[in-house]
Amino acid sequence: MGSGRLYAAVAAGGFRRYATYRAATVAGVFTNTVFGVILVYTYLALWHEKPNLGGYDQAQAVTYVWLGQCLYATLAIQGGGAEKDLMERIRTGEIAVDLYRPADLQLWWLAGDVGRALFQMLGRGVVPFVFGAVFFPMALPTDVTPWAAFVVTLLLATVVSFALRYLAALSVFWLMDGMGVNQVLTVTGIFFSGMVLPLNAFPGALGEVVRVLPWAAQIQMPADVLMGETDPLGAFAFQAAWAVALLAAGRLLQSAATRRVVVQGG
Amino acid sequence: MGERSAVAEGLRAYRLIAGMWIRSSMTYRTSFVVTVFGNLTVTCLDFVGILLMFSQVDSLGGWSLPEVAFLYGLSVTSFGIADLALGSMDVLGARMRDGSFDTLLVRPAPVLAQVGADRFALRRLGRITQGAVVLGWALASVDVEWTASKVLLVPVMVVSGAAIFSAVFVAGAAFQIYAQDAAEVQNAFTYGGTTLLQYPPTVFGKDLVRGVTFVLPLAFVNWVPATYVLGRPYPVGLPGWMAFASPLVAVACCLLAGLAWRTGLRSYRSTGS
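Top line first, the protein sequences correspond to chains A and B. Just so we're aligned: 131 in our numbering is position 131 of the first sequence, and the numbers increase by one with no gaps anywhere. Just so we're aligned: 85 in our numbering is position 85 of the second sequence, and the numbers increase by one with no gaps anywhere.
Certain hints may be false.
Chain B stretches covered by chain A per the calculated footprint, using a threshold of three residues with CB under 8 Å from any CB of chain A [claimed, not checked]:
#1 35 to 44
#2 173 to 186
#3 230 to 244
#4 255 to 267
Here are a few chain B residues that sit away from chain A, every Cβ distance over 12 Å (derived from the structure) [stated by the list, open to error]:
#5 9
#6 48
#7 50
#8 137
#9 146
Simulated from the structure, these hints should not be mistaken for lab results. Note that beta-carbon positions come from the ideal geometry of N, C-alpha and C, so glycine has one too.
Okay, chain B solo, but in the shape it has when bound:
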């Protein structure tokens, strides 16, 4: 069986399991609508926080509200897509503790697809919607001379960003195989990462910016390409062409995360009984 058919099989399994969860959540429609709305409210709150800050000041780290909203919209939309696709990865630790992870191993479908689609929740569309609305407003309000390359870069950022966050989710899941009880470490990188990227890089210390540029390259979700779009220099002096490197970084992250996942899976020892 070639690599290609393994991927196709994984996607098929993912689609089937996700479809099952969607049907199950649609059984109680009112409850579904309420949770989507609740989810939307929760995710709106952090933008309300930013609005509250800007009710007191005109700029943050030298960036205006539309510029911060641009960063925010990109970060939240990308993160939302990754969260929709793989957001249930944090229940992996619980599944290993209660032994139900073993069931996934013996099923004739790729484990990653099964874990990713586990408890697939359409209510997470709330976050994507909210991010997209803020992004739309930001695109209409930022003071930018739009060129073809800048316009093209926006969808590229969203897709690459989603891939980078997805890689973080998968790497986090691989980590959970070792540290079964530490799902929250993953939150520091996923939720923490998206929170960090909602603010301008100028706000943070140089070392922190270097860390999320060169070590854990979250900066390629929005900071690096966004500074190009907004015509600002990147704080740690990257060459200009790096603004277009997000897809490459995303591919590299996904490969590394896939490797980590495989290594983790191979070392998995069931708790047994």
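Extracted from the complex, chain A is given alone in its bound form:
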């Protein structure tokens, strides 16, 4: 019971920390809205040439764009969430302090990242999404059930996103510097999450591969669940399987990494 309260407090801390940067949040809302508008027009041109591309109609393609803008910061698609601080702490050695805490390292950082994601969603994601819904035709359900299922996929997407970034951050124990890993996170995040193009519009074998990778759990799955394009239970299973596998891999790597830690006292 007590530990549940601890992680809730860590999550609240993550939320409050990002809530401090108000001007940055407003700036982010503006930027995501501008990018959303640009993308919507290109997608509309694309779907005009090829209606039903990837099984979406135009309204669904538009919905996908705004969902992407909504989740971009929420899921830290190009990195820049909790893993950024974790990398810095590993690099400077401050991680030794974290290891002394009477808390689980992975859960501690997961809680903080969930708090961050929740703030980014409310502070930065909702406004572009509402803007999109007001000014462009979107395919949103009027039922409560798909929205409820959507909330579940979002939660699972957050965990998958964190688990991937946690693995990347732990690599700094061996690499000593996070710059290269961060670049990899950016590239893979943007491309395989479907920020460039919905994964169901990727052609041929490439499409089949990207749709089973863990990044597919981040925008594609929530979008398909919200728009009723996929069975929610199947989506939950897909996301949960990746979450468990990646978190387990993170634990394994973490125990290997912490055995390496040598505290330079003085």
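Fit chain B to the given chain A structure using the hints.
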């Protein structure tokens, strides 16, 4: 001290600071090579996105792949040059918050040169390289009757485009003096602008096209001159000679951005302590 020597002094300061950052990044050569390669990959991705789109369709907004690649190459090369020269402008807000901006003010060198050359990063050559490669391919593949004026217009577009994007960077920096925590607004115009220009103007709504033609004249980076080269009418009906107006627009943008920068700098109040 005349205007001319102030500019010369600024360029000298810029060169010295940029040289320092280059030497510092060259200390770890492997790391440098890796980041250049990483940068190249990141910038290649958005062109891969366009290729993916064209794997599904033959044209976008009525434009073929070589024509879109022409727009893309021009936009990315121009933006890359401006980004190489002034891309660190977005750390200005952070510098003002932590107080290190004040240090730049008391140094005997133009502040703009110091901010522009701050963290000068040769790895940004990756973007220019990628843009130039796509542009080269596009020039070889577009179906155009090349005339002297069309050939001449291509380098003019790249240089004017770089100047227009540079003006956006400087104006963005001036804005950051007021809104210290809002560096991302600048991204909407710089990164957003270059993304917008990678697609044909026919894709976008008339009002959006009007906005980036008459209000924030990004269209002169490539859209307006490129429609002349490709022999297409410009969607909001500009007179034909406007295709050659990019250098003028660039000069006007730079003057306005310089003015904004000066005004911003004069109104700067240190956070102090």
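Now the hints, each set against the structure:
no. : hint       : in the structure
1   : 35 to 44   : holds (count 5)
2   : 173 to 186 : holds (count 7)
3   : 230 to 244 : violated (count 0)
4   : 255 to 267 : violated (count 0)
5   : 9          : 33 Å, holds
6   : 48         : 7 Å, violated
7   : 50         : 9 Å, violated
8   : 137        : 20 Å, holds
9   : 146        : 28 Å, holds
In the structure shown, a violation is registered for the earlier hints numbered 3, 4, 6 and 7, in ascending order.
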